[in-house]
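Number of protein chains: 4
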Amino acid sequence: MRTSRRENHREAVAGRANVADTPALDAYYDALERKEMGALWTVANKIEPWQPRPQSVPTIWRWADVRPAILQAPDLVSPEDAGRRVIMLVNPGRREVSAAVGLLYSGIQIMKAGEAATAHRHMASALRFIMEGQGAYTIVDGERMTLGVNDFVLTPNGTWHEHGVDASGTTCIWQDGLDIPLMNALDANFYTVHPDLRQRTNQPTDSSVRLHGAGFVQPAWLRQAWTKPYSPLLKFDWAPTYEALTRAAQVSDGSPYDGIIMEYVNPLTGGPVMPTIGASMQLLRPGEHTKAHRHTGSFVYHVAKGRGFSVIDGRRFDWQERDIFVVPSWSVHEHANLDDRVDACLFTFNDLPVMQALATYAEQPCPDNGGHQMVVA
Amino acid sequence: MRTSRRENHREAVAGRANVADTPALDAYYDALERKEMGALWTVANKIEPWQPRPQSVPTIWRWADVRPAILQAPDLVSPEDAGRRVIMLVNPGRREVSAAVGLLYSGIQIMKAGEAATAHRHMASALRFIMEGQGAYTIVDGERMTLGVNDFVLTPNGTWHEHGVDASGTTCIWQDGLDIPLMNALDANFYTVHPDLRQRTNQPTDSSVRLHGAGFVQPAWLRQAWTKPYSPLLKFDWAPTYEALTRAAQVSDGSPYDGIIMEYVNPLTGGPVMPTIGASMQLLRPGEHTKAHRHTGSFVYHVAKGRGFSVIDGRRFDWQERDIFVVPSWSVHEHANLDDRVDACLFTFNDLPVMQALATYAEQPCPDNGGHQMVVA
Amino acid sequence: MRTSRRENHREAVAGRANVADTPALDAYYDALERKEMGALWTVANKIEPWQPRPQSVPTIWRWADVRPAILQAPDLVSPEDAGRRVIMLVNPGRREVSAAVGLLYSGIQIMKAGEAATAHRHMASALRFIMEGQGAYTIVDGERMTLGVNDFVLTPNGTWHEHGVDASGTTCIWQDGLDIPLMNALDANFYTVHPDLRQRTNQPTDSSVRLHGAGFVQPAWLRQAWTKPYSPLLKFDWAPTYEALTRAAQVSDGSPYDGIIMEYVNPLTGGPVMPTIGASMQLLRPGEHTKAHRHTGSFVYHVAKGRGFSVIDGRRFDWQERDIFVVPSWSVHEHANLDDRVDACLFTFNDLPVMQALATYAEQPCPDNGGHQMVVA
Amino acid sequence: MRTSRRENHREAVAGRANVADTPALDAYYDALERKEMGALWTVANKIEPWQPRPQSVPTIWRWADVRPAILQAPDLVSPEDAGRRVIMLVNPGRREVSAAVGLLYSGIQIMKAGEAATAHRHMASALRFIMEGQGAYTIVDGERMTLGVNDFVLTPNGTWHEHGVDASGTTCIWQDGLDIPLMNALDANFYTVHPDLRQRTNQPTDSSVRLHGAGFVQPAWLRQAWTKPYSPLLKFDWAPTYEALTRAAQVSDGSPYDGIIMEYVNPLTGGPVMPTIGASMQLLRPGEHTKAHRHTGSFVYHVAKGRGFSVIDGRRFDWQERDIFVVPSWSVHEHANLDDRVDACLFTFNDLPVMQALATYAEQPCPDNGGHQMVVA
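Residue numbers (UniProt numbering), protein chains in the order written: chain W, 1 to 377; chain Z, 1 to 377; chain C, 1 to 377; chain X, 1 to 377.
Hints are not guaranteed to be accurate.
Since the list can't tell identical chains apart, any single copy or any two copies may satisfy a pair.
[As the list claims (entries may be wrong)] Quick list of in silico lysine to any residue cross-link-like pairs, SDA-like style, CA-CA up to 20 Å:
#1 K35 x G93
#2 K46 x Y191
#3 K46 x P68
#4 K291 x V332
#5 K46 x G15
#6 K228 x Y28
Keep in mind the hints are simulated off the structure, nothing from the lab. For clarity, every value in this text was computed on a predicted model and none was experimentally measured.
Please model the complete structure; the sequences and the hints are all you need to start from.
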């Protein structure tokens with residue numbers, strides 16, 4: 001009796017691989033391996049699962065843990081040495097690729113008043129979501145944008161960008177979101193440091209907001225000229241976003257799975273803000289508890305307002321403002337606002353544009369238990 | 001010596017038709033005509049002009065003329081008898097097709113407090129721009145929208161729609177814009193009266209504004225479902241439109257030909273609000289005088305605010321609030337704000353989407369005289 | 001008792017205009033007219049018909065009439081004087097705009113061996129369909145294409161083009177199709193004579209056919225560079241077209257209304273060959289009689305092969321090879337192959353791309369009489 | 001003196017991370033790790049490389065090795081046990097994900113006369129390229145297709161498909177190509193066995209080829225109905241493909257980097273045949289040696305005809321018919337036909353559609369040495 005030293009993922013199901021190991025096959029496998037080959041049937045059931053089997057696991061990073069940790073960083077490293085002074089949120093199942101979930105990276109960055117980082121650009125698409133502090137700014141291709149809490153700013157693929165805090169400001173903390181793991185998975189990552197290390201601004205502050213910010217009208221003289229694959233509107237302020245949510249909530253129940261969920265869009269196309277990363281802000285009304293569903297795509301949630309919980313693959317995660325949690329692809333999930341009088345808001349960024357561009361989006365409601373999951377943990 | 005009784009458009013230019021009439025040809029033409037044929041060379045130079053030769057002529061309808069005329073209508077006809085109590089603006093060169101310019105129709109409609117018109121739908125795309133009065137409303141496919149001065153509302157191709165004024169309102173006047181002549185030119189016009197003569201509302205008032213009005217975010221649960229060829233946002237309020245213009249004016253000079261010109265867009269596509277009619281609002285800063293150019297496409301202008309003049313094909317048209325004027329295709333035009341302290345705003349609707357969809361857009365700056373026309377009249 | 005001198009299209013239907021003429025209204029109409037205005041209700045029922053009311057009438061031009069007529073032309077005019085030696089097919093209802101049907105122009109052109117016309121370009125889109133003769137060629141933007149019977153060639157909007165017959169050829173006759181009336185209706189027509197009167201070829205003969213002709217593969221190095229709004233494949237040969245029809249007929253019944261109908265496509269987009277004109281070739285099997293339907297869009301048919309009849313708005317038109325007939329928009333039509341052993345082929349060009357781009361396509365089957373019309377004439 | 005136990009990728013370049021390990025930082029890293037966090041600056045230079053750093057290495061699998069190996073398989077496993085009797089081509093750097101290169105899988109499958117595999121479907125997109133034998137067939141969504149050497153057949157994402165060899169045929173061998181690693185990287189892989197294990201055919205053999213195979217015309221009655229994200233034409237025969245290459249070679253030099261390279265296209269869109277996998281066939285003329293360049297995207301080459309060599313990242317790989325080799329993303333590559341009288345043809349499948357859909361395509365010519373690489377191995 002022998003035990004093969006190789007993996008062999010057998011399933012006793014018609015149409016699936018189910019080949020017993022034998023000495024003859026073992027010798028065959030050895031010979032194949034020497035020629036950079038292998039027998040599909042030994043791994044077919046692993047590499048072709050019945051449904052997605054993400055390495056990522058549902059995870060929450062509580063602000064009560066993250067904030068003290070990031071506040072230590074300025075005493076330990078300078079922006080010059082660190083490049084960016086950022087603490088990564090690392091999924092337990094995705095540590096090897098530094099992903100928060102799936103192929104999405106996320107980190108928490110801190111800058112003190114008067115600090116500024118060097119400018120660079122990369123193939124990865126990036127965004128920031130402001131968590132606390134005053135005086136933060138980002139410069140993208142020469143446009144300086146001022147940033148406040150819950151503001152959402154893009155630094156799209158290929159744009160020169162840099163961050164800083166005005167000398168008159170306070171220590172600022174924000175969340176970064178990037179598709180670095182996706183770019184690496186695609187073997188398409190590039191990085192360039194700005195030749196002058198800093199950009200000069202070449203237009204008035206917040207130009208893109210003033211030109212493109214009112215999405216229902218767009219500057220006619222700029223529309224035809226824009227050929228880039230991302231939104232010309234680079235910053236989405238919190239106040240009008242929240243107003244849009246509350247106005248929509250006056251006339252609609254929204255999605256059964258997500259409540260009033262508004263996608264940030266490229267106002268010149270109505271499509272996602274960047275080719276690989278989508279983002280949305282959703283409002284859960286006081287006491288609202290959404291139905292459960294699952295779909296492909298990896299999601300990073302950031303609690304912009306309120307408190308509640310989400311059930312992800314049967315496990316309950318309680319959350320409050322500034323907590324960050326992730327829902328892996330094909331994980332069943334539902335959300336609840338625990339406050340009876342105040343709404344809750346969840347910011348999300350995700351790889352839905354990738355799912356849609358590559359025709360890999362799939363969705364399934366949770367039919368059992370009145371649309372809700374049995375909470376098992 | 002004979003004189004042909006037929007048209008014969010000769011040009012003594014190489015590559016153009018230049019055939020002299022002869023008795024033999026005349027007999028030939030007679031024979032062709034009996035068989036529903038004709039000789040191209042007799043009309044080629046007419047039907048293939050060197051450049052567009054619109055029948056439409058630049059025309060202005062002054063509010064000082066229009067308002068007294070439309071105010072008489074309620075005493076002369078009821079909405080029931082008239083269908084719609086509307087005075088058409090008829091271009092002197094396009095009387096046969098009831099067009100204001102090119103293939104665009106425009107009229108001025110009046111309704112008294114408490115009046116309501118019957119519901120209908122048609123293949124033509126339509127819009128309204130509110131001129132005066134309180135309490136006007138439009139219902140489109142069950143959505144009731146309230147309307148104030150300078151608000152812009154769509155009643156797109158194929159939608160059930162009806163107009164009225166609340167009993168608590170005042171006499172209301174607005175401009176209608178439609179592509180009726182285009183639909184007739186294309187032999188594609190349809191018209192249906194609503195089987196109940198009136199619609200029931202099926203959603204809260206101004207739903208589309210509250211759901212889609214903040215163009216930079218869009219309701220995620222509605223985006224994928226929308227397959228119609230027009231904007232789901234049906235009303236564009238004046239206040240946020242004017243705010244968008246003034247914000248853009250803070251950071252940009254806009255177009256050299258049009259100043260700060262913002263196109264109303266379908267927020268789900270970034271494209272025009274309807275497949276055949278585009279619309280925009282432009283702001284001319286105090287004292288601003290734009291450069292002249294010409295392009296294909298027919299334009300109806302409505303002075304939403306301020307006073308100034310436009311020069312169209314060398315002729316100056318002075319305008320003030322509520323005046324309406326038209327610029328035919330390929331007519332050279334430039335605009336000026338005559339006030340040194342107050343901005344002026346021009347609303348426009350046009351057939352630019354047709355030009356773009358059919359690849360017939362062409363544009364040319366006016367190179368002479370520093371970019372301005374010689375005013376000849 | 002008075003009789004109004006104006007048109008007044010009344011209908012006694014709720015929701016339609018129905019205003020009786022009165023002296024007061026007559027005076028009002030006079031006053032309006034002086035200010036370039038008019039009362040909508042007098043013409044509303046005319047300009048907003050219940051369904052399309054084309055001026056075009058179903059018409060057939062028989063080759064037995066057309067061929068003798070066009071053969072006379074060379075003795076009457078030279079290509080130099082005529083520009084193009086073409087006999088137009090003029091719809092009895094559209095004589096004023098020189099249209100064969102709707103907004104489509106068609107003519108029959110003749111050139112003798114060794115003749116050549118001057119090069120020009122225009123905003124109108126154009127095509128040729130070869131009827132008889134050997135040695136015909138067309139040059140489009142420097143590419144010379146050789147042409148045989150039933151070949152279909154494009155001279156798209158904006159391209160330099162010229163036609164001729166080799167000295168070694170025979171007298172050639174072909175059908176021209178253009179959207180001249182559409183360009184004029186849109187006030188977007190332009191015409192330029194080539195500065196040298198003749199083009200020089202700048203690439204091998206039939207280049208586009210050899211590069212793009214096998215539609216299922218396309219030259220990778222050319223795909224990204226092509227930004228023009230028409231097909232890079234400029235000629236569609238008869239032999240492979242007919243082969244495609246017969247192969248499809250082996251496995252499909254095709255359309256109930258049109259049999260095996262294959263659209264000529266832009267192989268880089270799968271869309272129509274030009275932005276305003278579509279074209280197709282359809283095969284009717286021996287004895288096949290299609291069902292009747294109607295839809296928007298104007299169609300010119302050319303009998304490429306066989307004999308049969310079409311019923312258009314209840315009137316039967318018998319046809320044989322080289323006959324040309326038209327189906328106006330919204331006219332009910334059906335086709336029949338009268339031969340029991342040989343298939344029949346109808347070439348068509350039409351304005352379907354306009355209907356689709358402008359969202360004005362509508363279609364309706366003929367439900368009565370087993371899907372067929374009662375033939376009334 | 002301590003040695004950190006963690007990775008720390010330092011670079012002494014302004015704008016890059018360069019933080020020395022210290023006991024304080026080490027303690028900080030420990031604390032972060034306990035909370036599922038980490039310091040970006042320790043890995044930033046690794047996860048954000050200056051340019052793509054694929055794990056895949058250029059590799060060739062020679063038919064002289066592969067053929068004997070695959071011919072052994074029928075004696076070792078049955079199709080029933082194996083699911084599919086396939087030998088994978090495993091890149092030395094991508095063994096863990098069973099990829100041939102990047103996120104592309106490839107295998108060599110063998111079936112004997114009369115064998116048939118079970119039907120299944122999956123989110124992965126798949127293709128086959130026939131290498132030898134007679135009587136092979138594939139059934140896709142009820143359409144049976146017959147396959148010969150160098151034929152290329154799609155089994156797109158979501159389609160039921162199965163393979164077999166007619167009893168009257170011979171042992172058949174073909175190459176499979178799938179994006180299994182991409183689907184797993186995206187956490188979007190699904191797999192279903194057909195409920196009946198075998199499909200019934202529901203249309204004539206090779207229907208899609210007869211309906212859609214002549215790419216320059218398309219069946220009008222099917223065009224509007226097709227909404228799937230892949231080509232309705234499922235098989236691309238070798239004979240017309242080779243003819244298209246030779247016809248194009250008569251009039252063009254093709255690409256400086258790839259010679260006459262023709263992309264297989266979806267004839268309804270002109271785009272790639274499937275949303276995640278593109279394919280092309282390229283012809284290198286006798287003696288042709290292309291210039292070198294590099295670009296993002298992973299490529300699998302299959303020598304369909306002829307003999308020559310490719311230089312990949314400075315290393316020369318000689319190839320002949322049926323050899324398979326891969327070019328990883330951003331690897332410099334050039335190709336040469338070693339025969340002076342006979343052309344060579346390379347079939348390729350790749351993830352270019354992913355690069356284009358996600359805006360990650362980048363390209364760079366090789367400027368040195370007259371456009372060619374220095375061969376270092």
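Hints, one by one, checked against the model:
1. Taking the shortest alpha-carbon separations for K35 and G93, only the inter-copy value of 13 Å comes in at or below 20 Å, while the best intra-copy value is 32 Å.
2. Taking the closest pair of Cα atoms, K46 and Y191 come within 20 Å of each other only across two copies (11 Å); inside a single copy the shortest separation is 34 Å, beyond that limit.
3. For the homomeric pair K46 and P68, neither the shortest alpha-carbon distance inside one copy (41 Å) nor that between copies (27 Å) is at most 20 Å.
4. For the homomeric pair K291 and V332, the shortest alpha-carbon distance inside one copy (10 Å) is at most 20 Å, but the shortest distance between copies (51 Å) is not.
5. Within a single copy, K46 and G15 get their C-alpha atoms as close as 14 Å, which meets the 20 Å cut-off; across copies the closest is 41 Å, which misses it.
6. For the identical chains of this complex, K228 and Y28 are neighbours neither inside a copy (52 Å) nor across copies (41 Å), given an alpha-carbon limit of 20 Å.
The structure shown violates the earlier hints numbered 3 and 6.
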